[in-house]
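Participant: Sequence:
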Amino acid sequence: MHRTPAFVFSLLVVGLPGIASAQGNAPAANQAPNPDIYYHLGPDSLPQEGVPKGEIRGPFTLPSEAYPGTQHTYWVYVPAQYDPAVPASLMVFNDGQAFMNAEGDARAQNVMDNLIFRREIPVMLGVFINPGRRPDQPEPNAKEWGDRTTNRPTEYNTLDDKYARVIVDELLPVLNKSYNISKDPEQRGIGGASSGAIAAFTVAWERPNEFHKVLSVVGSFVNLRGGHVYPDLILKAEKKPIRIFLQDGRNDNRGLRQDGTYDEKRDWFYQNVRMMKALTAKGYDVNYTWGVNRHGQKMGGPILPEMMRWLWRDQAVSTDVHDMVERSVREAKKPSAPAN
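Quick note on the UniProt record's numbering: the sequence shown kicks off at 1 and runs consecutively.
All clues given are correct.
Pairs of lysine-lysine, DSS-like flavour, derived with a Cα cap of 30 Å:
(1) Lys-53 to Lys-143
(2) Lys-265 to Lys-236
(3) Lys-240 to Lys-265
(4) Lys-265 to Lys-282
(5) Lys-240 to Lys-277
(6) Lys-162 to Lys-177
(7) Lys-277 to Lys-162
(8) Lys-277 to Lys-236
(9) Lys-53 to Lys-183
(10) Lys-143 to Lys-265
(11) Lys-183 to Lys-239
(12) Lys-282 to Lys-236
(13) Lys-162 to Lys-240
(14) Lys-282 to Lys-162
(15) Lys-177 to Lys-333
Because the hints were derived from the structure by calculation, they are not lab data.
Here the structure is a predicted model, which means the values were calculated and not measured.
All chains, full assembly: derive it from the sequences and hints.
Facilitator: Following this line, the structure appears as structure tokens:
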């Protein structure tokens, strides 16, 4: 029988900088530090000298038939090592504006630049796609991701195949016209944060023949539009070929109302733990990590490089000691010489 947890966040202070000790003037309970301050971007998330930078192309507009009257804005990251003659892997990021924000918490384009260069992930195209909106609605931005101004709540939180249709039936055919993308679902990943994370999982769940890799940051596997049922669905359904990395924090939205009552179906951390347990019990290839972060990308952004390494750890590798190409970094592809 499930017991309602009493969530009390207490920070044990042992020499942490900027926080008074128990013997000194400790801050009052309502002045406890924001736990997000303990997470910082590392070098893999920042531009590095000597690492060739990929190009971000766009914005482009994708009209939607799955959601009539709406359109999706997206950008395409093309790594400096992309060779049109060689099929590239693909990584799609929901809430694209947040993941590609050059001053944001994730800066995924820098992560891909650095990891591709050092052969830690394969050469891949990145697609940053925003939630759908009507032409008269504003584009999501760093302060408003679109929950109150776009089609984001419907697209991302509803457990149906409509958003999977946007990605697979509408976006991929357009991308395939311009880029050589691998048809192997093992070479395709999709990720997101919050509602964008449950949307990423839904795409892979609905179309496991198209996407096998899922990246989830503070995923909203809660009862916004029924997402809390996923653990039960996972346990009941036939296992699907999905690899997933889950990240969440103990200070995410916890389902405690102002009147003190608790709704476990709206407890982000509890439901992410349920997802981990269901996926593990079913034998999925799952990795996870729990921090003390609040709702957002403050922890997920800094660990994005490690999440990407783990998701793409099975890229082809040569063990030939004489293979000096394999033992070197990936330089930018030289442009082809013009035909005479």
